[in-house]
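Build out the structure end to end from the sequences listed, making use of the hints.
Chain order of the listed sequences is A and B. The opening residue of the first sequence carries number 53 in our numbering; numbering runs sequentially from there. The opening residue of the second sequence carries number 2 in our numbering; numbering runs sequentially from there.
Hints listed in this document are in silico derivations from the structure and should not be mistaken for laboratory results. As the structure is a prediction and not an experimental result, all values here were calculated from the model. Take the hints with a grain of salt, since some may be wrong.
So, partial list: chain B residues that the calculated Cβ filter (under 8 Å) puts toward chain A [unchecked claim]:
| id | residue |
| --- | --- |
| 1 | L8 |
| 2 | T68 |
| 3 | G69 |
| 4 | D104 |
| 5 | A124 |
| 6 | N126 |
| 7 | N158 |
A virtual CB, placed ideally from N, CA and C, is assigned to each residue, including glycine.
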Amino acid sequence: MPLVSLIEKKSVSGVNSVTFSSIPATYRDLRVIIYYATNTVGNFNGTVRCQFNGSTSNIYNNELWNAENANLLTQASIIGSNNFMLGSGGPSASNNSSNRNPIDFYISEYRNTTLRRNGLSNNWGGGVLDSGSASSGNPYNYAYTGALEQESQTALSSITLFLSGTDNFIGTTMHLYGIG
Amino acid sequence: VTAQWDLITRTEVTGSASVVTFSSIGSYQAYRVIATTLDSSGSDYLAMRLNGNTSNMYSVGYFANSTGGAVVANGFTTYNSVGINAGTNAPGTANSNALNVIDIGFANSTTLAKPAIALGGWARNMLRASGVIYNSSSATTSISLAVGLPFSTLTVNTVVTLYGRNIA
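So this is what it looks like as structure tokens:
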């Protein structure tokens, strides 16, 4: 039995938010692979965020690390947010023609109505920073990993991915896979 | 080159607690285990053993942090009966609907020691990333998972899925 089936691919540009809706209830787990850049002028120091089933309630928990170059920027436990973080940083306007930031987001047991919605997200990569960045280094490396929990036992049928702030995705692809 | 992960088997622990052992695992070049689990004590780790081996053959190094605290690194330490220290502190029964999600992958070489990576965490407690060497070149014939020290049971609301992959 194959592990991975492509459910949907989205290619987007000029939007802040993307939603995979009507996710079929025929798999065990889900995986979202994102390659993104932004239209930010200057450095994009924001984050990629996620909400499940369109919920904006304060039911999202996130244990995370976030590093850039040799600097560990964040080690946080965030309880009761209205979304969770999948990754950070990434190519902005001056280098979005040739660079993308990858995110690998695994969601386990997405249909289970006894257990809460849980996942792991990884965001590792490298690229070229805009000049004048506070984070020196060119190219640079970044790494993010997070454990995610939505305090909900509702079957997952939609996933919304968005950038913090008002910037938009540019030349971005998002693949949603069903697993198992 | 193409590669496909096959779903080998899945186990759900819904009744009495037990150690999960997969013994009909075929012969793949790589295996992947996805586990979602809780632990009745809420204070221990998910561990994995290959071929039931309890000898001093599992070397583990990791990064981990807890509840937003500093990330700590631990160099390779060899364990004898713990197996692969794959996960992190899991939710206890007070959080019986919460989950610790663990993703383990390892190469099933029959000529080299087996390297593995593991990432696990629960969003309200701990996050851990481990690198592991299982110092055996024997073919893997069984994979067992249990919680913590010593190698005890997995409690209810646990789902463990095993995948295998060959390189085409």
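Now the hints, each set against the structure:
With its C-beta approaching chain A no nearer than about 4 Å, L8/B sits inside the 8 Å limit, and its interface hint holds. With a least beta-carbon distance of about 4 Å to chain A, the hint placing T68/B at the interface is held under the 8 Å criterion. The criterion of a C-beta within 8 Å of any C-beta in chain A is met by G69/B, whose closest approach is roughly 3 Å, and the hint holds. For D104/B, the suggested interface contact is upheld, since its CB lies about 6 Å from the closest CB of chain A, less than 8 Å.
The restraint placing A124/B at the interface with chain A holds, with a minimum CB-CB distance near 3 Å, inside the 8 Å limit. Given the 8 Å rule on beta carbons, the hint for N126/B holds: about 7 Å separates it from the nearest Cβ of chain A. With a least beta-carbon distance of about 6 Å to chain A, the hint placing N158/B at the interface is held under the 8 Å criterion.
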